[in-house]
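**Q** Just so you know, the protein sequences line up as chains A and B, in that order. Oh and the first sequence: position 55 is 55 in the numbering used here, straight run, nothing missing. Oh and the second sequence: position 120 is 120 in the numbering used here, straight run, nothing missing.
None of these hints come from the bench; they were simulated from the model. Just so we're clear, the structure is a prediction, and the values are computed from it rather than from any experiment. Even for Gly, the Cβ is constructed at its ideal location relative to N, Cα and C. One or more of the hints may lead you astray.
[To be verified] Here are the simulated DSBU-like cross-link-like pairs (lysine-lysine), alpha carbons at most 35 angstroms apart as the crow flies:
hint, chain 1, residue 1, chain 2, residue 2
1, A, Lys156, B, Lys389
2, B, Lys264, A, Lys193
3, A, Lys21, B, Lys435
[To be verified] Listed next, with one range per pair, are the computed distances between beta-carbon atoms:
hint, chain 1, residue 1, chain 2, residue 2, range
4, B, Val283, A, Asn100, 28 to 36 angstroms
5, B, Lys22, A, Asn100, 45 to 53 angstroms
6, A, Ile36, B, Ile265, 56 to 64 angstroms
7, A, Ala475, B, Glu345, 53 to 61 angstroms
8, A, Arg95, B, Glu147, 53 to 61 angstroms
[What the hints assert, rightly or not] Chain B residues, not near chain A, derived (Cβ > 12 angstroms throughout):
hint, residue
9, Leu9
10, Phe16
11, Leu36
12, Leu37
13, Thr168
14, Phe195
15, Leu196
16, Ser268
17, Leu276
18, Ser287
19, Lys435
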Amino acid sequence: MIPVSLILIPLITGLAAFFLKGENAAKNWALLSSAITLAVAVAGIFFLPAHDLSYDAAWLPQLGSRFSLMTDGMGKMLVLLTTIAFPVIIIATARNQYKNPGSFYALLLLSQTGLLGVFLAADALVFYFFWELALVPVYFLCSIWGGEKRIAATFKFFVYTFLGSLLMLAGILYLYFQSADHSFALQSFYHIKLSAGQEALIFWLFFIAFAIKMPVFPFHTWQPDAYEQSPTAVTMILSGVMVKMGIFALLRWLLPVFPHASAQYAHLIIILSVIGMLYASLIAIRQDDIKRLIAYSSIAHIGLMSAAVFAHQQTGLEGVMIQMFNHGINVIGLWIVADVIEQQLGTRKFSDLGGLAQKAPAMAILLVVMAFANIALPLTNAFVGEFLMFNGLFRYNIWIAAVACISIILAAVYTLNMVQKVLYGSTTGVTANAREIGGNVQWMLAILVIIIIALGVYPQPMIDLTKDTVQAILANR
Amino acid sequence: MNAIIVSALLGVVMMFSGIIVKNRSYHTVIAAGGLLLLLLANLLNSYGIWVIKVDTHNMFNFEQFGMYFNTIAIAATLIYVLLSGKAVEKIGSYSADYYALIFFVLCGVSILSAFNSLLILFLGIEILTIPLYILTGADKRNLKSNEASLKYFLMGCFSTGIMLMGVTLIYGGTGSFILGESKVPESALMPKTSFLEIAGMILLFVSMCFKVSAAPFHFWTPDVYDGAPGVFTSFMATIVKAAGFIAFVRLFDQHTELLGPSWKILLSFVIIATLLVGNITAVFQQSVKRMLAYSSIAQAGFMLFSLYGANDLAREGILLYSVAYSLATIGIFAVLIKMKDYTFEGFNGLAKTQPVLALSTAICLLSLAGIPLTAGFFAKYYMLASAVKAGGSLWLVVIAVLFAAVSVYYYFRVIQAMYFKDGEPETEEITGPFKLGLLVVAALVILVGIFPSLVLNWFYF
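One chain only, chain A, in its complex shape (with noise of 0.2 angstroms):
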């Protein structure tokens, strides 16, 4: 039933948010709903037996469909990262005025239900109808509260995924009709056998739907302008979260069914996914805007992580694991603090901060201990995923690693300038008023820290975690 609970928890609180008037009132209520998943999660995850975290139920019996969820590793340890996400964003954020603030937290919380129900469908019918839910929150969310130019950046994102999404659904139909059982069971499409031509075909069909929703390069296009314009806790959500969606999905659903396309396309992919790394790590070089920097970075690391997903060697695929926990409380701590400084300043421009670190010294703290974690520094979290999938593409080809190193390079170059354009140097006029940031948010900012330096020193429990997932990928080929 813990599953369930998942998926029914933030379900339920949402719906009923839609209905709650007043700024306090409906972020409690959307704290309070997401502490409890958290807990449940918890629960589930580390105290409770195996047996409690499946769950199957007759949905769709003329279509073969039923509604069945499961945990592996990959799966408990997303639903982890995804419910400490959000308690973190609710408080971190709550300090922004939203007008009607019962909707935009109902949504929110819509968009949580969205999200567990990928990380745990079990049934491709199921997994497709959370893939979209996700997605229609976050539309709303971004075109109501977002930027200026929201409408046409959202619209962009909306399409791009949707045209993915239905590409899949029409490989999902195909594996349908090929199952042995017609049935939408992951297991059945595990056992599906595919002349070539075939597999090759129904295997770009899902890819192009996950490469749009990592984004990897070329398909990346949508995803600056929608992070630029969405409000901060809903970039905290797509870049933290739902991009991993896309990851997950290729270790869940397109290596496993499609296990001789994927080896025979791995190279395409890797090459493309270097391209984007270093693409992406180039233009965040001569970005102004701290958001649009995040977000290229956001790619570059996205990038990283699909190549050593194709690498097919295990520790990529371990690095890939712990990093897409890593890669989301990291991002997440990066636009905490760009948010603090967006409300408290007004701006996100380089040209106009400086010298924050004599202002804000506990901030300047955090703030350089996770541009660290975002170069993947030793003694961060991202180093030991970055080393283990580097490592992981190594052992695939030597010199495509060689030239996805660079993207270490220039993640130092656009990092530590970030660095040293917001906090050093001389104060601006903009920030010669800058105050210490206080409260929760700063102590949001520390527990992120606090992870991001133990699974730094000591990433095993993430690794035994995954573990079995990773066995599993590697027993499929």
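Given chain A's structure and the hints, the job is docking chain B onto it.
**A** Chain B alone, transformed into the frame defined by chain A:
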């Protein structure tokens, strides 16, 4: 049979009630009561209770599929009358006559869902369309309405002529009005399938494409839908169009092997053309009403997949599509005719002034776009699944899916206008029961979207 007789009688009753009862709002009440009666009669029919048992000499075939569609069509009309009855009363001073014509249309619908002989098909089409010519021109002082009516009449007659020609050729080739039956003895001189029969079938196909507004025979649709009074456009675009498809499916899902492999090529050409014309043209519209006219062409492109698949999924799917598409379109039109300004800008800021209207319109639009959790998703799903099951046509499915993504553009423009833009939309007076009705429609759309078996189980009961 029950539906045919009772709807014809109710049409006559409505005509007389126009003379006896002067208060127009009573006409709506009488019509709604009549529809309930009709619904009951049809349901009794599907449980095997007949009003009159007539030997139709194999000209009719009353099967569960057709009777179930009648139930859907009558129920949709009932919802339509309850939601938009007030608007019907405002069109002109003959509201009882309009309802009478609607009952005659329903009579045509129930003939089309049960025909076996091509003559009955012809009769059904005529009984269905002649009242529509009048309804299109109901706003008789409006030039656009007159133009639409005339255009519809001329094009309709033309396509009926083609249909008659097709029927004649088939009769000439086989000596029978029943498709797939041949009374001509086989001989060395006469091949098993005659040229006349194939030519006749192609003519029938063309005329049916006219009726369901499939490209390249769609040109009448936008003008007629735009010119006709909004309430009647809503009726034409939903129940009538679905009935056309039921006739189309019943006509063509059995005997297409006569046409050989070229049938699928012909049909895929029509499907792609319909999707292309409907979707691309809808993108460029400025008026929501005209956009919905083109979107109805685009939706017809999806419904044509039921002919392409021609299997059990296709039959279930077309029923589900009728439900999903009719509910959503009736809901949107009910809101549209309350608006003073039919352009996209006219919807600006509706979410602030009329949140209930905006919410239900948004749900209906999401359903038309085929977003999961709404009825439209499973409707599209069944259509595509039937094509995939038929095999060898994944490319066509992928093309259809690309066009579905295009459709998001114009459906979401309305949502964007309502929710994300500011404005002072002018609406007519919105009553409480109207809002409640809209919410019921929206709730049904979501309910069918989560449990499509609610609709389909009835089919197998």
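**Q** Would you mind marking each hint as holding or not holding in the structure?
**A** Results for each hint:
1. Between the alpha carbons of Lys156/A and Lys389/B the distance comes to roughly 32 angstroms, so the proposed pair stays at or under 35 angstroms and holds.
2. Distance hint between Lys264/B and Lys193/A is fulfilled; the C-alpha atoms sit about 28 angstroms from each other, no more than 35 angstroms.
3. For a cut-off of 35 angstroms, the pair hint linking Lys21/A to Lys435/B stands: about 22 angstroms separates their Cα positions.
4. Checked against the hint of 28 to 36 angstroms, the C-beta distance between Val283/B and Asn100/A comes to roughly 30 angstroms, which is consistent with it.
5. Under the hint 45 to 53 angstroms, the C-beta atoms of Lys22/B and Asn100/A, about 48 angstroms apart, fit the expected range.
6. At about 58 angstroms, the beta-carbon gap between Ile36/A and Ile265/B stays in the expected band of 56 to 64 angstroms.
7. The hinted range of 53 to 61 angstroms is satisfied by Ala475/A and Glu345/B, whose Cβ atoms lie roughly 59 angstroms apart.
8. Checked against the given bound of 53 to 61 angstroms, the beta carbons of Arg95/A and Glu147/B, roughly 60 angstroms apart, stay inside it.
9. For Leu9/B, the non-interface assignment is confirmed: its Cβ lies about 37 angstroms from the closest Cβ of chain A, beyond the 12 angstroms cut-off.
10. No Cβ of chain A approaches the Cβ of Phe16/B within 12 angstroms, the least distance being about 46 angstroms, so the stated non-interface status holds.
11. Consistency note on Leu36/B: stated as away from chain A, and its beta-carbon is indeed over 12 angstroms from all of that chain's, at 30 angstroms minimum.
12. Even its closest Cβ contact with chain A, about 32 angstroms, leaves Leu37/B beyond 12 angstroms, as expected for a residue assigned away from the interface.
13. Consistency note on Thr168/B: stated as away from chain A, and its beta-carbon is indeed over 12 angstroms from all of that chain's, at 41 angstroms minimum.
14. The Cβ of Phe195/B sits about 36 angstroms from the closest Cβ of chain A, beyond the 12 angstroms cut-off, so the non-interface label holds.
15. Every CB of chain A is more than 12 angstroms from the CB of Leu196/B (nearest about 38 angstroms), matching its label as outside the interface.
16. Distance check on Ser268/B: its Cβ is at least 15 angstroms (rounded) from any Cβ of chain A, clearing the 12 angstroms threshold; non-interface status holds.
17. No Cβ of chain A comes within 12 angstroms of the Cβ of Leu276/B; the nearest lies about 16 angstroms off, and the non-interface call holds.
18. With a least beta-carbon separation of about 20 angstroms from chain A, Ser287/B lies farther than 12 angstroms from that chain, consistent with its non-interface assignment.
19. Every CB of chain A is more than 12 angstroms from the CB of Lys435/B (nearest about 16 angstroms), matching its label as outside the interface.
Checked against the numbered hints above, the structure breaks none of them.
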